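Protein chains in written order, with the working numbering: chain A, 79 to 480; chain B, 79 to 480.
By construction, these hints were calculated from the structure, which means they are not laboratory data.
Take the hints with a grain of salt, since some may be wrong.
Pair ranges (Cβ atoms, derived) [stated by the list, open to error]:
(1) A:Arg205 <-> B:Ile129: 24 to 32 Å
(2) A:Arg228 <-> B:Asp123: 26 to 34 Å
(3) A:Asn106 <-> B:Asp123: 31 to 39 Å
(4) B:Lys141 <-> A:Asp204: 19 to 27 Å
(5) A:Asn106 <-> B:Asp396: 36 to 44 Å
(6) B:Asp127 <-> A:Lys402: 50 to 58 Å
(7) B:Arg205 <-> A:Pro261: 49 to 57 Å
(8) A:Arg198 <-> B:Val367: 52 to 60 Å
(9) B:Lys141 <-> A:Pro137: 33 to 41 Å
(10) A:Asn429 <-> B:Tyr220: 56 to 64 Å
(11) A:Asn106 <-> B:Ile129: 23 to 31 Å
(12) B:Arg228 <-> A:Asp204: 34 to 42 Å
(13) B:Lys303 <-> A:His243: 53 to 61 Å
Since the structure is predicted, the reported quantities are computational estimates derived from the model, not experimental observations.
By construction, the Cβ of each residue, glycine as well, lies at the ideal position given by its N, Cα and C atoms.
2 protein chains.
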Amino acid sequence: MALVVQKYGGTSVKDAERVMNVARRVTNTYKEGNSVVVAVSAQGDTTDDLIEKAKEINPDASKREMDQLLSSGEQISIALLAMAIEKLGYPVISFTGWQAGVLTDSKHSAARIKRIDTERIQTELDRKRIVIVAGFQGINKYDDITTLGRGGSDTSAVALAAALHADLCEIYTDVDGVYTTDPRICKTAYKLNDISYDEMLELASLGANVLHNRSVEMAKKYNVKLSVRSSLNDHEGTYVKEVSKVEKMLVRGVTRDNDCARIALCGVEDAPGKAFQIFEMIARKGISVDLIIQSIGDGKTKDISFTVTEGDLQKTLDLLEENKEFINAREIKSTSDVSKVSIVGAGMVNNSGVAAKMFEALYDAHININMIATSEIKISVLVARKDAEAAVIAIHDKFLLK
Amino acid sequence: MALVVQKYGGTSVKDAERVMNVARRVTNTYKEGNSVVVAVSAQGDTTDDLIEKAKEINPDASKREMDQLLSSGEQISIALLAMAIEKLGYPVISFTGWQAGVLTDSKHSAARIKRIDTERIQTELDRKRIVIVAGFQGINKYDDITTLGRGGSDTSAVALAAALHADLCEIYTDVDGVYTTDPRICKTAYKLNDISYDEMLELASLGANVLHNRSVEMAKKYNVKLSVRSSLNDHEGTYVKEVSKVEKMLVRGVTRDNDCARIALCGVEDAPGKAFQIFEMIARKGISVDLIIQSIGDGKTKDISFTVTEGDLQKTLDLLEENKEFINAREIKSTSDVSKVSIVGAGMVNNSGVAAKMFEALYDAHININMIATSEIKISVLVARKDAEAAVIAIHDKFLLK
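Construct all of the structure, not just a fragment, from the sequences and the given hints.
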């Protein structure tokens with residue numbers, strides 16, 4: 079007998095039929111003799127609908143009241159799931175975030191879980207009840223309702239698993255698990271059986287969209303064994319754990335991220351600290367800079383290129399325009415017609431041939447590389463957006479073809 | 079400067095425009111220098127929509143989970159109203175039932191408020207904030223969410239007014255106040271300026287549909303001054319208080335209630351305690367009997383007639399059928415083709431001519447009286463349903479024509 083935490087996202091509970099489907103999955107796990115705690119998101123479009131309602135009244139509503147509003151979404155889904163499980167004849171009880179003892183800091187709309195007082199949940203598990211918990215939400219020390227921000231239900235599930243010392247945390251979603259790359263782009267993509275926390279972190283932040291980053295960080299910190307799998311079939315998913323099985327695979331996945339734009343500052347004064355001052359100015363505006371390259375410079379001027387998200391492009395250009403006398407560049411150029419393609423794998427740190435092999439794949443496919451960035455477990459290149467899908471396929475098949 | 083509690087029902091906040099309208103009313107009261115606490119119901123059809131969602135999944139869902147589900151409705155409306163008030167530039171904070179300290183017993187779906195821990199509300203009032211509280215809901219001692227049942231938001235408002243020692247509790251609704259009778263039936267009906275708690279109780283229970291009975295009982299118990307008025311205009315409403323201004327009006331209102339059905343047990347054995355045993359049997363099934371008349375009897379058999387709500391008719395007939403050997407009636411007859419028409423007024427207790435005048439009005443209108451019941455401040459008659467509206471008009475104009 080094990081303690082299993084399951085998480086079901088909004089699409090998994092979007093209507094009555096799907097709710098009954100989840101109820102069957104939950105009770106199947108319970109029938110096998112497990113204790114089951116379930117974290118649930120709001121149904122389908124509920125959250126977006128509530129945001130729409132709020133905007134109609136006040137587009138600048140306080141975050142506290144937004145949290146008060148949005149947290150009702152999961153309150154609806156937990157009650158409905160509990161009712162579905164009652165219908166199947168199993169003992170069950172639902173809890174909102176505060177009822178489940180989920181205590182967070184006070185950062186409304188992006189709160190972090192500080193701890194979970196599991197007493198009430200534990201009591202109900204001891205009574206052999208299935209426990210349903212509202213994901214995405216908690217309360218701060220003033221008893222104000224908080225929400226955890228996008229992907230927060232994953233984090234709720236992992237935090238519950240950590241606090242309850244669960245044997246496994248299953249994240250149910252609408253895909254079968256973590257793939258070597260996006261199967262919609264690359265027909266030869268396939269599901270990984272397991273992956274390390276660090277690899278998953280890189281894949282998640284690069285746009286794999288399967289697991290939220292913060293939940294993976296928390297799983298790593300508390301050594302929670304995760305499983306990512308589909309709520310629509312019984313296929314084995316992907317396990318995320320401390321060390322992935324040693325396989326002869328340097329590279330575990332290929333990702334593409336279209337949410338980037340490149341800015342080039344041409345002919346900037348080549349003085350010590352100049353680049354640093356420019357990037358500090360950008361950072362102070364809350365804009366994240368991703369890839370950066372500088373030309374070597376001729377002692378007088380140099381070129382600086384960097385990427386930001388597409389959404390930050392105009393804001394960044396405005397900032398540069400406001401400070402153009404300080405920056406004193408010959409020309410400022412920008413394009414959002416670029417994509418970032420990355421490979422991820424814990425194995426590549428000790429293998430200097432990986433980058434060369436990646437570049438060879440791109441060269442063979444006649445794809446130009448714009449910028450390059452490397453870390454211990456990933457290599458990213460910036461390519462023209464029109465080439466991005468071809469780049470993913472070329473790289474995937476070079477490294478990962480089965 | 080006064081402390082005012084206001085209550086707005088579901089139709090008053092049914093969409094963004096109505097929510098902004100309520101926000102303006104609330105802030106107008108605040109601008110006049112008052113402390114303001116607002117109890118709000120769920121928007122328009124939200125509660126019914128949630129019930130529909132639940133039924134689709136499990137028509138026999140537990141009441142605990144129904145309360146968990148339904149309480150989300152007011153959580154949405156309090157957040158939206160707070161956002162609307164923020165938009166107008168006033169300090170505001172919203173509270174769910176539990177955040178407001180509304181403690182109830184554990185009778186899910188029909189809980190009673192035991193007390194309100196007003197500390198948090200008081201703190202926010204001291205900070206000069208407008209406080210919005212979810213009506214209809216609270217928590218029990220296990221931290222489970224409870225709801226107060228139909229009309230519960232009125233009760234929430236009165237309980238808040240009592241706990242906070244408010245100077246006035248204003249119940250905003252979609253009518254201008256308490257009328258002498260239903261203006262849709264009787265063109266000569268007019269609004270009362272004030273009415274006593276006892277009179278209001280009789281009017282409410284007789285179907286006036288303006289204020290929920292339990293809220294009036296509570297207002298009487300804690301001597302909360304109530305005002306019933308429209309959220310759509312600035313007309314003075316009706317004050318409900320301990321003693322209504324002494325007016326030369328014996329009768330304050332005429333009501334009609336179609337939700338009744340009559341059952342006649344003909345030829346029942348005329349033995350001591352027989353009727354009592356039959357009514358006890360009915361009461362044990364949770365069925366409320368309203369009017370009762372017995373024929374005098376001839377020492378052997380007698381006839382017993384009584385009324386129940388239309389919804390309880392079939393259940394009552396089934397029960398009588400199951401026990402027909404014990405009841406041993408010659409015949410059991412029933413009809414739901416009846417209505418109860420009543421007059422209410424604290425003045426009638428000392429005036430024996432009132433009943434006669436009422437019967438005269440009905441006689442003049444050629445309306446037959448089926449059954450009669452009187453109490454200190456009301457007289458009810460049962461008439462054929464087709465005659466009910468004519469009866470209301472005849473009686474109203476006999477007693478109340480201006």
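Here is how each hint holds up against the structure:
At about 28 Å, the beta-carbon gap between Arg205 (chain A) and Ile129 (chain B) stays in the expected band of 24 to 32 Å. Between Arg228 (chain A) and Asp123 (chain B) the C-beta distance comes to about 30 Å, which sits within the given range of 26 to 34 Å. Range check, Asn106 (chain A) to Asp123 (chain B): about 36 Å between beta-carbon atoms, so the 31 to 39 Å window is met. Roughly 23 Å separates the CB atoms of Lys141 (chain B) and Asp204 (chain A), a value that falls within the hinted 19 to 27 Å.
As the Cβ distance of Asn106 (chain A) to Asp396 (chain B) is approximately 40 Å, the hint placing it in 36 to 44 Å holds. For the hinted restraint 50 to 58 Å between Asp127 (chain B) and Lys402 (chain A), the CB-CB distance of approximately 55 Å keeps it satisfied. The hinted range of 49 to 57 Å is satisfied by Arg205 (chain B) and Pro261 (chain A), whose Cβ atoms lie roughly 55 Å apart. Taking the beta carbon of each, Arg198 (chain A) and Val367 (chain B) are about 43 Å apart, not inside 52 to 60 Å as hinted.
Separated by about 38 Å at the C-beta atoms, Lys141 (chain B) and Pro137 (chain A) satisfy the suggested range of 33 to 41 Å. About 58 Å separates the C-beta atoms of Asn429 (chain A) and Tyr220 (chain B), a value consistent with the hinted range of 56 to 64 Å. A beta carbon spacing of about 29 Å between Asn106 (chain A) and Ile129 (chain B) agrees with the range 23 to 31 Å that was offered as a hint. Checked against the hint of 34 to 42 Å, the C-beta distance between Arg228 (chain B) and Asp204 (chain A) comes to roughly 36 Å, which is consistent with it.
The hinted window of 53 to 61 Å between Lys303 (chain B) and His243 (chain A) holds, with their beta carbons roughly 56 Å apart.
Going through the hint list in order, the structure does not satisfy hint 8, though it satisfies all others.
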